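Residue numbers (this note's numbering), protein chains in the order written: chain A, 1 to 320; chain B, 1 to 320.
One thing to keep in mind: the hints can contain errors.
Unchecked claim - With a Cα cut of at most 20 angstroms, we get these calculated EDC-like pairs of lysine to aspartate or glutamate:
| id | chain 1 | residue 1 | chain 2 | residue 2 |
| --- | --- | --- | --- | --- |
| 1 | A | 79 | A | 319 |
| 2 | A | 302 | A | 281 |
| 3 | B | 44 | B | 131 |
| 4 | A | 151 | B | 98 |
| 5 | B | 151 | A | 131 |
| 6 | A | 20 | A | 305 |
| 7 | A | 151 | B | 131 |
| 8 | B | 151 | A | 261 |
| 9 | A | 294 | B | 201 |
As the list claims (entries may be wrong) - Okay, the calculated beta carbon distance ranges per label pair:
| id | chain 1 | residue 1 | chain 2 | residue 2 | range |
| --- | --- | --- | --- | --- | --- |
| 10 | A | 21 | B | 151 | 25 to 31 angstroms |
| 11 | A | 319 | B | 285 | 23 to 29 angstroms |
| 12 | B | 290 | A | 55 | 40 to 46 angstroms |
| 13 | A | 78 | B | 273 | 37 to 43 angstroms |
| 14 | B | 290 | A | 198 | 23 to 29 angstroms |
| 15 | B | 93 | A | 84 | 52 to 58 angstroms |
| 16 | B | 29 | A | 76 | 49 to 55 angstroms |
| 17 | A | 95 | B | 290 | 36 to 42 angstroms |
| 18 | B | 290 | A | 171 | 18 to 24 angstroms |
| 19 | A | 127 | B | 98 | 31 to 37 angstroms |
| 20 | B | 35 | A | 273 | 46 to 52 angstroms |
| 21 | A | 76 | B | 174 | 43 to 49 angstroms |
Honestly, the hints are just simulated from the structure, not real lab data.
Since this is a predicted model, take the numbers as computed values, not measurements.
By construction, the Cβ of each residue, glycine as well, lies at the ideal position given by its N, Cα and C atoms.
Here is how the chains run, residue by residue.
2 protein chains.
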Amino acid sequence: MKPIIGIDIGGTKISICLAKKDGAILEKKELPTRLRADAKTSIKEIIDTVNLILFQHRLSPNDIVGIGVSVPGAVSPEKGVIPESPNLPGWKGVRIKDILRKKFRRPVFVNNDANASALAEKLFGIGGKVENFVYVTVSTGIGSGIILSGKLLNGASFSAGEIGHTTIIPGGPQCNCGKRGCLEALSSGTAIAAQAKRMMEAGKFSELGSYKAKPGNGRLSAEIVADAAREGDPLAVQIMRNAGHFLGIGLANVINILNPEIVVLGGGVMKAGDLVWKSMEQAIKREAWPGPLKVCKIMRSKLGEHCGDLGAISLVLMEQ
Amino acid sequence: MKPIIGIDIGGTKISICLAKKDGAILEKKELPTRLRADAKTSIKEIIDTVNLILFQHRLSPNDIVGIGVSVPGAVSPEKGVIPESPNLPGWKGVRIKDILRKKFRRPVFVNNDANASALAEKLFGIGGKVENFVYVTVSTGIGSGIILSGKLLNGASFSAGEIGHTTIIPGGPQCNCGKRGCLEALSSGTAIAAQAKRMMEAGKFSELGSYKAKPGNGRLSAEIVADAAREGDPLAVQIMRNAGHFLGIGLANVINILNPEIVVLGGGVMKAGDLVWKSMEQAIKREAWPGPLKVCKIMRSKLGEHCGDLGAISLVLMEQ
């Protein structure tokens, strides 16, 4: 039972873990993600950290099954070159697969982070019997990984599952991607914070006005809006409900197109609780077609904080 | 090279053909679709017609590869029982697969009509090299068949590809399905005719007012609107452009979710020409995510009038 190295490269931190095949994390270390000119330093730090973990566990590279690397954006699993991504400026073109393979002489598997999480759901979450499901992460952005007939749908240019940029309200609020009315511009953490800011600036009464006293350098975050909603702030309640409502429409569209067995939801916004969940469910029930709706379970991800690590190691496990 | 029997059951007619493996139609006969209490008569007529065709070509059932049957609605290919469908009242529960198998003692393959057309595209249209594509039919209703990794996506309850009932405008125009703002309520032939009627009743000036003199018992059809648009009627032009615009948004959503190599479009409304096509393309370009958009070709189906027949025989050919 050789262990696996998982590397989850995110916009703010890089998580590197050593794990067993059953998903038990033996070791986990985090690095800050260096951007732009410093990206090369991050690569060196990743290699050093993998070496350190192996050393601490008295392992040589030959003692591991392989290395799984999850990255943001549309990446070719075959080439394993980091794509252009707003979350990783300066990393574009980094041949992460080749670099790690040459260094450690073990198989390296690279894929998108949402895809990796979907595989983790299959292996460690909803279970291996489910052959057709969609994993959706609602966080700073909104992404998804699609599993059909037990296999990941990569798509013709490795960007299948971009549900965050499906259009929910034509001509609606501006999205960071340049389009308007995208799901991500309506239901992501970013959208929730922006909406709260906009409405308070427009003079809507809200206890949210006290958020400057809270942690986060006075920056209004989705977490603060969620907290305020839980405390009963009416504006915050409305904003969280709206986010859930539009999320439900987006998911209903996915359900109508793919007719999956399960939609499983992860990411920070889904921790906000029943306010988002209930209005999301209502919208799904109203907008999804009865046939696909009847068979589709909507579930919360149970992977928790290790979702990213489990995703990275799943990229190796799925190829065994 | 044994031939194949194809049976395409639609809401107004049933087409029965004998065809070669290369798609050459050797014989084709049409029956009116009997609804409700007369459905059983239709079944008998189908059997009689298959027997007649076999007799005329001096064939016994053993001389054919099998029988492919396409039907509207979400049908289990394994069970082959006709599902509830607004287009086939009275046919629900007809065990078409068992009936034909017992009668002719040959393999019978049943699937949804849009799925069957997608397979026909793979075999006789865009070509077998394309592994990931979506066939969309824009006609009285809007449906699609999805091919991923060369195989049909049936979905957990056999209703994958219901893009006609994805929500394009939340709370928008009423759809026949009971929901609001569905793609089908915005871009189908039914929607085009309804929109023209509504706008004329609201007093909008249009040459369409003369439609009562045209064929079709004074019933305003999408075809009449398309004709008027081609003659330059400004209201008709606007309606056709709007239909194309919303179709483009719906297709962009599909492109963002599935990242297909090709979207191929068939059905009567797509014959309406450049008015629909251009505004559809513009909307796709604006609403699709750049990565998936760049690799996705948007094409017209070249299957033509035999699309339904080729679909039915493809159900047999794909299983060989």
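Pairwise hint evaluation, residue 131/B against residue 44/B, where the allowed Cα distance is 20 angstroms at most
38 angstroms, violated
Are residue 151/B and residue 131/A close enough, with their CA atoms no more than 20 angstroms apart?
15 angstroms, holds
If you check the beta carbons of residue 35/B and residue 273/A, does the distance land in 46 to 52 angstroms?
50 angstroms, holds
Please verify whether residue 20/A and residue 305/A have alpha carbons no more than 20 angstroms apart.
At roughly 17 angstroms apart (the allowed maximum being 20 angstroms), residue 305/A and residue 20/A satisfy the hint.
Holds or violated: residue 79/A to residue 319/A, with C-alpha atoms at most 20 angstroms apart
Satisfied, since the Cα-Cα distance of roughly 16 angstroms is no more than 20 angstroms.
May I ask you to test the hint 43 to 49 angstroms on the CB atoms belonging to residue 76/A and residue 174/B?
44 angstroms, holds
Supplied distance hint 23 to 29 angstroms, evaluated on CB atoms of residue 290/B and residue 198/A:
The hinted range 23 to 29 angstroms holds for residue 290/B and residue 198/A, with Cβ atoms some 27 angstroms apart.
With respect to the beta-carbon atoms only, verify the hint that residue 78/A and residue 273/B lie 37 to 43 angstroms apart.
This hint holds: roughly 41 angstroms between Cβ atoms.
Determine whether the Cβ-Cβ distance between residue 21/A and residue 151/B falls within the hinted range of 25 to 31 angstroms.
Because 29 angstroms falls inside the window, the suggested range holds.
Does the Cβ-Cβ separation between residue 127/A and residue 98/B fall within 31 to 37 angstroms?
Taking Cβ atoms as reference, residue 127/A and residue 98/B lie about 34 angstroms apart, which means the hint holds.
Quick one, are residue 302/A and residue 281/A close enough, alpha carbons at most 20 angstroms?
18 angstroms, holds
Check whether the Cα positions of residue 151/A and residue 98/B lie no farther apart than 20 angstroms.
32 angstroms, violated
Comparing the model with each numbered hint stated earlier shows that hints 3, 4, 9, 11, 17 do not hold.
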